[in-house]
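With the hints as constraints, model all of the structure from the sequences given.
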Amino acid sequence: MHMQAYVKPVAIALIMLSLLLVPQFATTYTTSVILNILMWIGLVTSWLILAGFTGYISLGHGAFLGIGAYFVASYWQILPFPILILLSGLICVFVAAVVGYPVLRVKGPYFVILTLGLSEFVKYSLVYYEVNIRGTVGRILLRTPSLENLYYWVLVICLLSIATAYLIKRSRFGLALMSIKDDEDAAEALGVNAALAKWKAFAISAFFPGMIGAVMAMRWTYIDPYTVFNPMMSFQVTITAFLGGIAYVHGPIIGATMLTLLSQSLWARYPNFYMIALGVILIFIVMFLPQGLAGLLSKINVPGFIKDVFKNVSSPERRKEL
Amino acid sequence: MILQGKGLTKQFTGLLALADVDMCLRENEVLGIMGPNGAGKTTLFNLLSGYHRPTRGNITLLQTDITFFKPYQIVKMGLARTFQLVRPFQELSVLQNVMVGSVFGPGRKVSMAEGEKVALEILEFVELSHRARALGKTLNIQERKRLEIARALASNPRVLLLDEVLAGLTPTESQEAVVLIRKIREEKNISIIMVEHVMKALMELSDRLVVLNYGRKIAEGTPDEVIQEKEVIKAYLGEKTSA
Ligand SMILES: Nc1ncnc2c1ncn2[C@@H]1O[C@H](COP(=O)(O)OP(=O)(O)OP(=O)(O)O)[C@@H](O)[C@H]1O
Ligand SMILES: [Mg+2]
Numbered sequence: 000m001h002m003q004a005y006v007k008p009v010a011i012a013l014i015m016l017s018l019l020l021v022p023q024f025a026t027t028y029t030t031s032v033i034l035n036i037l038m039w040i041g042l043v044t045s046w047l048i049l050a051g052f053t054g055y056i057s058l059g060h061g062a063f064l065g066i067g068a069y070f071v072a073s074y075w076q077i078l079p080f081p082i083l084i085l086l087s088g089l090i091c092v093f094v095a096a097v098v099g100y101p102v103l104r105v106k107g108p109y110f111v112i113l114t115l116g117l118s119e120f121v122k123y124s125l126v127y128y129e130v131n132i133r134g135t136v137g138r139i140l141l142r143t144p145s146l147e148n149l150y151y152w153v154l155v156i157c158l159l160s161i162a163t164a165y166l167i168k169r170s171r172f173g174l175a176l177m178s179i180k181d182d183e184d185a186a187e188a189l190g191v192n193a194a195l196a197k198w199k200a201f202a203i204s205a206f207f208p209g210m211i212g213a214v215m216a217m218r219w220t221y222i223d224p225y226t227v228f229n230p231m232m233s234f235q236v237t238i239t240a241f242l243g244g245i246a247y248v249h250g251p252i253i254g255a256t257m258l259t260l261l262s263q264s265l266w267a268r269y270p271n272f273y274m275i276a277l278g279v280i281l282i283f284i285v286m287f288l289p290q291g292l293a294g295l296l297s298k299i300n301v302p303g304f305i306k307d308v309f310k311n312v313s314s315p316e317r318r319k320e321l
Numbered sequence: 000m001i002l003q004g005k006g007l008t009k010q011f012t013g014l015l016a017l018a019d020v021d022m023c024l025r026e027n028e029v030l031g032i033m034g035p036n037g038a039g040k041t042t043l044f045n046l047l048s049g050y051h052r053p054t055r056g057n058i059t060l061l062q063t064d065i066t067f068f069k070p071y072q073i074v075k076m077g078l079a080r081t082f083q084l085v086r087p088f089q090e091l092s093v094l095q096n097v098m099v100g101s102v103f104g105p106g107r108k109v110s111m112a113e114g115e116k117v118a119l120e121i122l123e124f125v126e127l128s129h130r131a132r133a134l135g136k137t138l139n140i141q142e143r144k145r146l147e148i149a150r151a152l153a154s155n156p157r158v159l160l161l162d163e164v165l166a167g168l169t170p171t172e173s174q175e176a177v178v179l180i181r182k183i184r185e186e187k188n189i190s191i192i193m194v195e196h197v198m199k200a201l202m203e204l205s206d207r208l209v210v211l212n213y214g215r216k217i218a219e220g221t222p223d224e225v226i227q228e229k230e231v232i233k234a235y236l237g238e239k240t241s242a
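Going down the list, the protein sequences come from chains A and B. Just so we're aligned: the first sequence equals residues 0 to 321 in numbering that gives the first Met the number 0. Just so we're aligned: the second sequence equals residues 0 to 242 in numbering that gives the first Met the number 0.
Hint data in this document are derived by calculation from the structure and do not stem from the laboratory. Don't be surprised by glycine CBs; every beta carbon is placed ideally from N, CA and C. Some hints could be false.
[Stated by the list, open to error] Listed next, with one range per pair, are the computed distances between beta-carbon atoms:
| # | chain 1 | residue 1 | chain 2 | residue 2 | range |
| --- | --- | --- | --- | --- | --- |
| 1 | B | 119 | A | 278 | 46 to 54 Å |
| 2 | B | 55 | A | 172 | 36 to 44 Å |
| 3 | A | 105 | B | 10 | 37 to 45 Å |
| 4 | A | 169 | B | 185 | 14 to 22 Å |
| 5 | B | 64 | A | 100 | 24 to 32 Å |
| 6 | A | 295 | B | 107 | 41 to 49 Å |
| 7 | B | 6 | A | 105 | 55 to 63 Å |
| 8 | A | 14 | B | 178 | 35 to 43 Å |
| 9 | A | 283 | B | 119 | 36 to 44 Å |
| 10 | A | 289 | B | 63 | 42 to 50 Å |
| 11 | A | 169 | B | 120 | 18 to 26 Å |
| 12 | B | 110 | A | 148 | 47 to 55 Å |
| 13 | B | 139 | A | 283 | 29 to 37 Å |
[Claimed, not checked] Capping the alpha-carbon separation at 30 Å, the derived lysine-lysine pairs in BS3-like fashion look like this:
| # | chain 1 | residue 1 | chain 2 | residue 2 |
| --- | --- | --- | --- | --- |
| 14 | A | 106 | B | 75 |
| 15 | A | 199 | A | 180 |
| 16 | A | 180 | B | 5 |
[To be verified] Stretch-level coverage of chain A by chain B, calculated; a stretch enters the list once three of its residues show a Cβ under 8 Å from a Cβ in chain B:
| # | segment |
| --- | --- |
| 17 | 171-180 |
| 18 | 187-194 |
Below you can see the structure in the form of structure tokens.
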């Protein structure tokens, strides 16, 4: 019992320490793989701030990544990098706030399709702008920060998104969101302003992909609308979330690690096979693993060192349920 | 007068669910609403609680015109409701279920700590404390109904609308629920409107009764007066006989 209380903080501290030391000791290749994993964890965790708490599945998350990337590309070497990252996040919050208010009134599958449509709309508007007004297709970024520098930025953003999810979970705001997920009408009957709560959650969740997009543009060094607004990004966020289990905070961590390693080993040599694998995984989760891998772990009672955030009741009661 | 509806009318496409109904609720009163299936009872509740906008008519709660208020605003004004189809938040614990009401229901901002304290008191009041940590989806019918009432009470309302909270209960459970409703009335300063098919309970609990049929108010008065009325007898003849 008492030992257990120390296991978690110690494990978390050790993991944090090793994450901090990665760029110092690991090879460039390993560092970039871990950077990719952290990117996906950040993307998926922030996506879950809306989807995990309220059940609203957005296929537009990748669009914020693109907006962040394009913003940073436009002002690179004009403004300092940290300011650019922050501004990219804030612009996405603003965009989410503007489109979110009408869009979040739409429910169920219509919401899903609408978010996908909107992000495609952003993509093609940008293609039009780039081709007809700027006369370019893509942009090349020069004098980008070092891999190590980018790694730390992604690490910070990733941890920030996890911390945000935790804090929301414990707050009044989190309670409002979780009640909406179960029954929006009943939530309203009890005094929850559902429209406002969803709107806030959507805006907050857009902050992180905006910042991640800004950092990743520096990593990619070349961006064009087709790649940074590729809907596959949004699909993969969703698939990763479901693979990991959308009810748990370590869900994104498990899901992102698995998929990144899978893509790392398959993508370069057999790109089509990777897509097929994604499809098969998706079918498999829907049919056999609705709680994701994290749900599976909790079922076989492996002591999870990070407590479930998106699940509404702490583990002992929960385990009995499963 | 704590709550008043004037000329309440609700037209759904091709169906007049409620036609020109006047109703009022006095301080500390239990008003029973009866009527056959489809008479418009739930529709009346949906109008009063802001779920539907009336096609015509207006609603006044504590001197404020709430006709066009949203559901979450109306709770904060002091009117709470239960749903005919009880809907606990499945994935939330019973305590969290009630906390949604105690944290967001009142007109002022309530912290999580205070909301939890109030929720625990309410669970004690409805005798559901032993299930506080269980998930909403694990409750049986009786517990669900109690939770539904507890959540509504948690907003500290002046007016409580109960939509068939006895339906689906066994006679014993039903009697226990009647005791609870009486307790709410005696220990809390709350006026109640209840829709019920269980005639015996309605007669026992109500100070006044309103009878709806095909969306119209066909009778109003004390329970004894109302059951004498020809219109009421006619509306109920051949209807299913209730316990
Ligand atoms: N949202 C809606 N859209 C269309 N018609 C509706 C809607 N809600 C209710 N109705 C119709 O309005 C009429 C009154 O329904 P209501 O639910 O108010 O009846 P009720 O008196 O509560 O009946 P019950 O005893 O079965 O609960 C019914 O014919 C019903 O089908
Ligand atoms: Mg009804």
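Evaluation of the provided hints:
Between residue 119 (chain B) and residue 278 (chain A) the Cβ separation comes to about 48 Å, which falls inside the hinted range of 46 to 54 Å. Checked against the hint of 36 to 44 Å, the pair residue 55 (chain B) and residue 172 (chain A) passes, with Cβ atoms roughly 38 Å apart. The supplied range of 37 to 45 Å is broken by residue 105 (chain A) and residue 10 (chain B), whose beta-carbon atoms lie about 25 Å from each other. For the hinted restraint 14 to 22 Å between residue 169 (chain A) and residue 185 (chain B), the CB-CB distance of approximately 37 Å leaves it violated.
The hint said 24 to 32 Å for the Cβ distance between residue 64 (chain B) and residue 100 (chain A), and at roughly 26 Å that hint holds. Look at residue 295 (chain A) against residue 107 (chain B): about 44 Å separates their beta carbons, and that is inside 41 to 49 Å. Separation of residue 6 (chain B) from residue 105 (chain A) is about 34 Å and departs from the stated range, judged on CB atoms against 55 to 63 Å. The hint said 35 to 43 Å for the Cβ distance between residue 14 (chain A) and residue 178 (chain B), and at roughly 55 Å that hint is violated.
Taken as a hint, the range 36 to 44 Å holds for the pair residue 283 (chain A) and residue 119 (chain B), whose Cβ atoms sit roughly 43 Å apart. Under the hint 42 to 50 Å, the C-beta atoms of residue 289 (chain A) and residue 63 (chain B), about 46 Å apart, fit the expected range. The supplied range of 18 to 26 Å is met by residue 169 (chain A) and residue 120 (chain B), whose beta-carbon atoms lie about 22 Å from each other. For the hinted restraint 47 to 55 Å between residue 110 (chain B) and residue 148 (chain A), the CB-CB distance of approximately 41 Å leaves it violated.
Roughly 35 Å separates the CB atoms of residue 139 (chain B) and residue 283 (chain A), a value that falls within the hinted 29 to 37 Å. Pair hint residue 106 (chain A) plus residue 75 (chain B) holds up; C-alpha atoms about 25 Å apart against a cutoff of 30 Å. A distance of roughly 15 Å separates the Cα atoms of residue 199 (chain A) and residue 180 (chain A); the hinted pair therefore holds under the 30 Å criterion. Among the hinted pairs, residue 180 (chain A) with residue 5 (chain B) is inconsistent with the structure: their alpha-carbon atoms are about 35 Å apart, more than 30 Å.
Residues of the segment 171-180 of chain A lying with their CB closer than 8 Å to a CB of chain B number 6, which satisfies the three-residue condition for coverage. Residue count for the segment 187-194 of chain A with a Cβ under 8 Å from a Cβ of chain B: 7. That meets the three needed, and the coverage hint holds.
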